[in-house]
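In the order they appear, the protein sequences are chains C and P. Numbered according to the working numbering, the first sequence spans residues 4 to 510. Numbered according to the working numbering, the second sequence spans residues 10 to 205.
Certain hints may be false.
As the list claims (entries may be wrong) - Cut-off 25 Å, straight-line C-alpha distance, at most; resulting in silico cross-link-like pairs (SDA-like, lysine to any residue):
#1 P:169 with C:396
#2 C:391 with P:174
#3 C:391 with P:82
#4 P:163 with C:389
#5 P:169 with C:192
#6 P:163 with C:230
#7 C:391 with P:135
#8 C:145 with C:190
#9 C:391 with P:187
#10 C:391 with P:180
#11 C:391 with P:200
#12 P:169 with C:389
#13 P:163 with C:392
#14 P:169 with C:230
#15 P:163 with C:235
#16 P:169 with C:388
#17 P:163 with C:427
#18 C:391 with P:173
#19 C:239 with P:187
#20 P:163 with C:393
#21 C:391 with P:80
#22 C:391 with P:175
#23 C:391 with P:67
#24 P:169 with C:235
#25 C:391 with P:168
#26 C:391 with P:171
#27 P:169 with C:435
#28 P:169 with C:427
#29 C:391 with P:176
#30 C:391 with P:191
#31 P:169 with C:397
#32 C:391 with P:167
#33 P:163 with C:229
#34 C:239 with P:165
#35 P:163 with C:233
#36 C:391 with P:165
#37 P:169 with C:390
#38 C:391 with P:31
What the hints contain is simulated information worked out from the structure, not anything from laboratory work. Keep in mind that this is a model prediction, so the values were computed, not measured.
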Amino acid sequence: MVEITTLTAALELLFSDFTPWLIVVPGILIGLTFGAIPGLQISMAMAIFLPMTLYMDFMQAMLFLTAIFTGGSFGGSIPAILMNIPGTSSAISTTFDGYPMARQGRHNQALGVALGASCLGVIIGYTVLLLLIGVISEVVLKIGPAEMSVLILWGITLIASLGGNNPVKGVIAGLVGLMLGTVGFSEAGNTRGTLGLDSLLDGIPLIPAMMGMFAASELFRLVNARYLVEDDRARKVNVGEILRGFCSTLRFPGVIGRGSLIGVLVGSIPGVGSSIANLLSYIETKRRSRDPGSFGRGNPAGVVASEAANSTSEAGSLATLLALGIPGGGATAVMLAAFTMHNITGGPVFIREQADVVYAIILANFGQAFLLIGLGLLFIPVLANVVKVPMRYLVPSVLSLSIFGAYGLTGSLTGPITLMIFSLLGWVFKRFDYSIPACVIGLLLGGMADEMMIYTYQISGGQWTYLLERPIAMTFLVLLLLSLFGGRLLVVLRRLAGRPVDSRIGD
Amino acid sequence: MPGPENQSTRPDEFNNNRIADLAVLVSLFAFTGWYLWDTWRASSHLYNLVFVLPLTVTIMTLCAFSLVRELLRPAVNRHQEPSPPTTSADSVADPIPAVPAGVYHDVSSSGQQGPMAGATGSLPAIALFVGYVATLPWLGLDVGTFVFIALFLKLGGEGKWQWILAYALAFSLGASLFFSTMLPYDMPLLLIPGGG
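So that you can see chain C by itself, here it is in the shape it has in the complex:
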């Protein structure tokens, strides 16, 4: 738990001098800009600006890098909402409802909701981190392939719920995605489906494929439209609407709480955290909704669920970095580099001996969340003007920008070629009613699922009873089963007990 003396020391460290805060504002703006440009990554921004931290002390460096991280995790929602481009895998589920809201002329509300959920998510996530950093680090150490397999299985169940008009085609799309996710050099040491191309040895580049499936395929469909929002009256950028959207986030305390908890806990798992957290939060919110059919058609709760989880997964991955010295993804890997540049090694010793610094980093993120509110509210009205751009200009500009971004992600023409191929695949899938989100989620999880299944098989020696010996895996499994069948079980139990059944339960 929190020690008051250490907390006081941390506050002194933060507020005895205002200079560390001077670099937070540019950090958030850099993150917002990189997050908002399709193809530019938060980790790329942090890597580009990492050398600058050499001239800062450790505290300033961490404030600067976490500010980029905080700004970027919200910035990624902007292209997801306005252009259907999930710039990172942690923004996939933001597109599900954010983009339909934008097309309905509710872009102001969607952006406001995303900002509100991101800021609240950061605050809740870091509060949990402040209270439970020790516990989280202990749990993370106990997570192995079996636990990861169950978590991935949980993510895969989302495929079934995104089946669409034709559930069989939806499942086919998801499974094809899973299969494509296994292309390349496998954990077993074999190459599959590479067609002899060296560029596919590492697998299909995920982000260009995602951009192609979601954005380019959608843009091809919109070439005949005049504007993203057809109604002239709905095309306004309205700060009042953005603010109302921001405040309306408070109407979803359950969604935010659940999303934040999923974000911080799942986000702390190295490698998969932020990618899966937003999907799990979305699927759980949809499953528990009174009106699950409204999801995917512009339900703000979908945006809240996704954004709350992806911004709190930042706190989770920082917990793993601080407590164990293990980076959870690209962005925390750059932070680890900053640790090394300042001769600091994360881990239990660091937490014990420099607890004031750890608390100061966590507390600084609360300040960043409030700064993000102000900067985000200034930034959104400028970017929301995208809806006023005629489609004949927007479509080629976004397609070109995606090509530049895809090149930037891979450093070769593999990125643009992948984007092109997957945009064609996405266009065909969309025309013939195959679920694109299901396919993309499959693509995201396929490689990991294959890898974890092999590890689990190797460790267990083929004995599936091994799962019974893993309490955390069993907990995840029970939670998964409850999320799938809990509602129906409750209905059966209530009927057996002769009590009235709430129509919502069992949805």
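Add chain P to chain C, keeping to what the hints say.
This is chain P only, laid out in the frame that chain C set:
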């Protein structure tokens, strides 16, 4: 790029749709079969197949099931069937009943159209995009982007040539300079210095 608007699906168009739909299923079946064969050829060891084998067999079974179901379904009955309501997360293409009338409009996705309707409107854009990516090794990202944007604007109905050229030049130059400055590696650029 004019596209058909609010057309009802004609019988010949319906047959084309059905053939295209079946062709997609056959392609997925064939690709999955090839992938399984390629994986098996790489190694038939359990570790290599533990995930891929059940996955590919399931996909092929589902494709076969869908193919048979489509083939057995009488064409005339299916033609008369109303479209089922949409609930998928990627169903933005379909009309959204909850949206006020006039707010949401998509030429290529009218509820009365078959899946191929509107496809012809997208094809020039797709061809242009494929050409753009295919010529990048020769034209580079700077010239390639300029040509792509200029042609796209012309196809999109922009009438003023000077505006087309000015926008294409500004965008391609701006994006090329921005990304070549930000990225730590060379980019394929034809005219702008610093390209790889």
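So, going through the hints one by one against the coordinates:
Only pairs whose Cα atoms come within 25 Å are accepted, and residue 169 of chain P paired with residue 396 of chain C is accepted, the gap being roughly 13 Å. Only pairs whose Cα atoms come within 25 Å are accepted, and residue 391 of chain C paired with residue 174 of chain P is accepted, the gap being roughly 21 Å. Our distance criterion of 25 Å between C-alpha atoms is broken by residue 391 of chain C and residue 82 of chain P, whose separation comes to about 45 Å. With a C-alpha separation of about 21 Å, the suggested pairing of residue 163 of chain P with residue 389 of chain C holds against the 25 Å cut-off.
For the hint linking residue 169 of chain P to residue 192 of chain C, the alpha-carbon distance of about 57 Å lies beyond 25 Å, and the restraint is violated. Restraint check: the Cα-Cα separation between residue 163 of chain P and residue 230 of chain C comes to about 17 Å, which is no more than 25 Å; the hinted pair holds. For the hint linking residue 391 of chain C to residue 135 of chain P, the alpha-carbon distance of about 24 Å falls within 25 Å, and the restraint holds. Using a Cα cut-off of 25 Å, the hinted pair residue 145 of chain C and residue 190 of chain C holds, with the two alpha carbons roughly 22 Å apart.
Restraint check for residue 391 of chain C and residue 187 of chain P: satisfied, since their Cα atoms lie roughly 24 Å apart, inside the 25 Å limit. The straight-line distance between the Cα atoms of residue 391 of chain C and residue 180 of chain P is roughly 18 Å, inside the 25 Å bound, and the hint therefore holds. Proposed proximity of residue 391 of chain C and residue 200 of chain P is contradicted: the alpha carbons are some 32 Å apart, above 25 Å. Distance hint between residue 169 of chain P and residue 389 of chain C is fulfilled; the C-alpha atoms sit about 22 Å from each other, no more than 25 Å.
A hinted pair counts as satisfied when its Cα atoms are at most 25 Å apart, and residue 163 of chain P with residue 392 of chain C qualifies at roughly 16 Å. With a C-alpha separation of about 19 Å, the suggested pairing of residue 169 of chain P with residue 230 of chain C holds against the 25 Å cut-off. In summary, the hint linking residue 163 of chain P to residue 235 of chain C is supported, as the alpha carbons are separated by about 24 Å, within the 25 Å threshold. Between residue 169 of chain P and residue 388 of chain C the alpha-carbon distance is near 23 Å, which keeps this suggested pair within the 25 Å criterion.
Taken as a hint, the residue 163 of chain P and residue 427 of chain C pair is honoured in the structure, with Cα atoms around 22 Å apart against an allowance of 25 Å. With a C-alpha separation of about 18 Å, the suggested pair residue 391 of chain C and residue 173 of chain P falls inside the 25 Å cut-off, and the hint holds. Straight-line distance between C-alpha atoms of residue 239 of chain C and residue 187 of chain P comes to about 29 Å, which puts the hinted pair past the 25 Å bound. About 14 Å separates the Cα atoms of residue 163 of chain P and residue 393 of chain C, which keeps this hinted pair within 25 Å; it holds.
Simply put, residue 391 of chain C and residue 80 of chain P have alpha-carbon atoms about 46 Å apart, too far for the 25 Å limit, and the pair is violated. Of the supplied pair hints, the one linking residue 391 of chain C and residue 175 of chain P holds, its CA atoms being roughly 20 Å apart against a limit of 25 Å. Restraint check: the Cα-Cα separation between residue 391 of chain C and residue 67 of chain P comes to about 45 Å, which exceeds 25 Å; the hinted pair is violated. Restraint check: the Cα-Cα separation between residue 169 of chain P and residue 235 of chain C comes to about 23 Å, which is no more than 25 Å; the hinted pair holds.
Only pairs whose Cα atoms come within 25 Å are accepted, and residue 391 of chain C paired with residue 168 of chain P is accepted, the gap being roughly 19 Å. Under the criterion of a C-alpha separation no larger than 25 Å, the hint pairing residue 391 of chain C with residue 171 of chain P is consistent with the structure, at around 22 Å. At most 25 Å may separate the alpha-carbon atoms for a hinted pair to count; residue 169 of chain P and residue 435 of chain C exceed this at roughly 37 Å. A C-alpha spacing of about 30 Å is found between residue 169 of chain P and residue 427 of chain C, which places the hinted pair above 25 Å, so the restraint is violated.
For a cut-off of 25 Å, the pair hint linking residue 391 of chain C to residue 176 of chain P stands: about 16 Å separates their Cα positions. Taking the CA atoms of residue 391 of chain C and residue 191 of chain P, the gap is about 28 Å. The hint is violated against a cut of 25 Å. The hinted pair formed by residue 169 of chain P and residue 397 of chain C meets the criterion: a straight-line CA distance of about 17 Å does not exceed 25 Å. Between residue 391 of chain C and residue 167 of chain P the CA atoms are separated by roughly 16 Å; this keeps the pair inside 25 Å, and the hint holds.
Between residue 163 of chain P and residue 229 of chain C the CA atoms are separated by roughly 15 Å; this keeps the pair inside 25 Å, and the hint holds. Straight-line distance between C-alpha atoms of residue 239 of chain C and residue 165 of chain P comes to about 24 Å, which keeps the hinted pair within the 25 Å bound. For the proposed pair residue 163 of chain P and residue 233 of chain C, the alpha carbon gap of about 21 Å is at most 25 Å, so the pair holds. With a CA separation close to 16 Å, the supplied pair residue 391 of chain C and residue 165 of chain P stays within the 25 Å bound.
Simply put, residue 169 of chain P and residue 390 of chain C have alpha-carbon atoms about 22 Å apart, close enough for the 25 Å limit, and the pair holds. Between the alpha carbons of residue 391 of chain C and residue 31 of chain P the distance comes to roughly 39 Å, so the proposed pair goes past 25 Å and is violated.
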